[in-house]
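Asker: Chain residues, written in single-letter form:
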Amino acid sequence: MVALPGRPARRLRRPSAREAGTALLFVLPFLLLFAVFRFGPAIAGVILGFTDYTIGGETGWIGLENFRRLVDDPTFWSALRVTVIFTVLSVPLSMLASLGMALLTRRAFRGAKLFRSIFFLPVVTSLVLAGVIFSWVFSEGGPWSRAMGALGLPAQSWLADSVLVIPALVLVSVWSRFGYGMLILLARLQDIPAELEEAALTDGASAWQRFRYVTLPQLRPALFFVAIIETTVSFQVFDMIYVMTGGGPVRASYSLVYLLYDQGFKYFDLGYASAVGVALFVMTIVVALIQRLTLGREE
Amino acid sequence: MRVRKSLSAVAVALVAALAATGCGGDGSGDSGKATVTMWTYPVIFEEAKHRAHWDETIKAFQAANPNIEVKVEIFPWANRDQALATAIAGNKGPDAVYLIPDQLPKYARNIEPIDKYLDDAAKSDYHENVVQSVSIDGKMMGAPILTSAATPICNKKVFAAVGETTYPTSWNDLLTLAPKFKAKGFDMTAYAGDAKQTLNQTFYPLLWQAGGDVFSPDGKSVAFNSDAGRKALNFAKQLVDNGYVDKTLLTAAPPIEQTRIAQNKVACVWHVPLTEVEKFWGKENIQVVPHFTETKQIGYGTVGSLSMLKTAKDKEAAGKWIAFATNADNTKKYDVASSFFSPRKSTGALYASDPVLGEQEKQVASSTVGPLHEKARDVQGVLAPEIQAALLGKKSVEQALDDAAKAAAPLLG
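Protein chains in written order, with my numbering: chain F, 1 to 299; chain D, 1 to 413.
In short, the hints are calculated from the structure, not lab data.
Built from N, CA and C at the ideal position, the CB exists for glycine as well.
Worth double-checking, as some hints may not be accurate.
[What the hints assert, rightly or not] A few chain F residues that don't get close to chain D, going by computed Cβ distances all over 12 Å: (1) Ala-150; (2) Pro-167; (3) Gln-291.
[As the list claims (entries may be wrong)] Going by beta-carbon spacing under 7 Å, a handful of chain F positions derived as facing chain D: (4) Ile-55; (5) Arg-81; (6) Ala-160; (7) Gly-247; (8) Gly-248; (9) Phe-265.
Could you build the full structure based on these sequences and the hints that come with them?
Answerer: This is how it looks when you write it as structure tokens:
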């Protein structure tokens, strides 16, 4: 998790040992729960990746065998390609939508709170439910294909086309996620001292210049946070694919987590499924580090 | 000091809580009774009716076995493997569970063979093909309680609208009739190509009808990329390319009410259960036809059985319960209530006077449950997308089957 920077921190008094002990007592239940239900299973998952664990079978240590299998498995590479394309398309679009909506709803105007609530609604809507509805929206003869037809484009089901299926899923993903990013960016936008913009305005800066040289630099830490969250969520895309396309057509939307699910819960090859999970984890960390080096660098 | 006291209190509370959660059941009830827990699924669609069946069966069982307490839990079909697999992994699985042959190979290592808990009379009362359908390495993995036959079913209303009175019984019939139906705006049949669909009910029946099989006889390689496999896939492709089926179903699995099947626009289907179409066609409009014939007359059917898990806390008690729940009387009651067929000879035909179920019942003998191979599902996972690719014209039939065989080879070692 990345801390979201706010105003410059005030210098805090160092707590006494007693105060620290009391504080620890309050956070202890959470720490225990985190260790038992988050950290523990994650470690166990990594360990399982080096075993041939299947339900009820004898478990043996097989070293890197599952990872060697991953390298030779064309389904893994296909799932990786799908996941990367999905992420590359959905993260920037989601961030742009979040930023746009945050800027639009930043000012206090009549109904601003209502708009913010409406924009946030998709975040709290079940993706499975949304998936069912969007399956119809993108189906042949559905509203989307009719709209495309009206624009002179082929009136086809995007979910049935191996090229268009990912853009369709990206649109649903952006719809379901932008509200969260909007909220984070909005909080940061409202935290930017008004004097900065006023000073820029006095200096004759245009609206674009104020955004480019005042607002955007101030937003950088929040944008970094949103980028990390969106990337992580995109790498883990599964539920809406499961509902909307089943990974098809012809594996064109078969993601890494779908592969993990199939291996674990359909074929019960939990060792291999864990190896897929480890690969996904490593990939997420690497991408997060790259983002940290670029978007998240300190001024 | 106060903090230390508080910490101690928390530690004691945690230990107490952990101890309490560790005091789970050990198979004995509070009065020294053995407890048997069984998981099943909505085999009888109406929940109240299903619950009533098991309540009545439990009552009768406990009257004869007062020291055994039975709990039957009914779970939804959706994600049942996920729930069962994680329960088994966490050592929290039930003592007995309802399984079908498609599941048996994957759980085989967790299943206690049921042979020794069934008496010889009970075992010899099962039809031979039923016993084979639940046997792995010569041992029965469950006590069969029902069978089914997924025969083709045709919509009389559609046939009447087209002015056709002959129902298809072979691939040739389907192809001959199809243009007439297409001309009137109807689909001759439907092919469910979505990867989530089990091939047992879509492609495999065609493969078997063409004389082929999924695996080689020794199970060490796949056999679907044979002449029979190519013939079966070419037939399905012919249906697609000529517009005799709705292409939407090749890539999606919408709820049946959103399909042309529900809109009475499809003449015959073989992948949809009778109970599903009955709601939209009306029972009086359903014409059951025998499994289609090409080289062979064969189709899919399942066998539902009650299996005991190796982790059953009291195997004798669980064995007694399974034997009782699947005896001829209880089997008959269960099958009639659920509109399934009996796996036993002694029950005779259950639907002799029913024009719909009676016809399906006759097809049980020519039905197969599909391959009982440990990698059957994994192979479906690599074959289904290739079939989809062939049907969508992205690969040739030969290429698709060869690619699937190539992908399946490492799975089989």
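Asker: Looking back at the numbered hints, which does the structure fail to meet, lowest number first?
Answerer: 5
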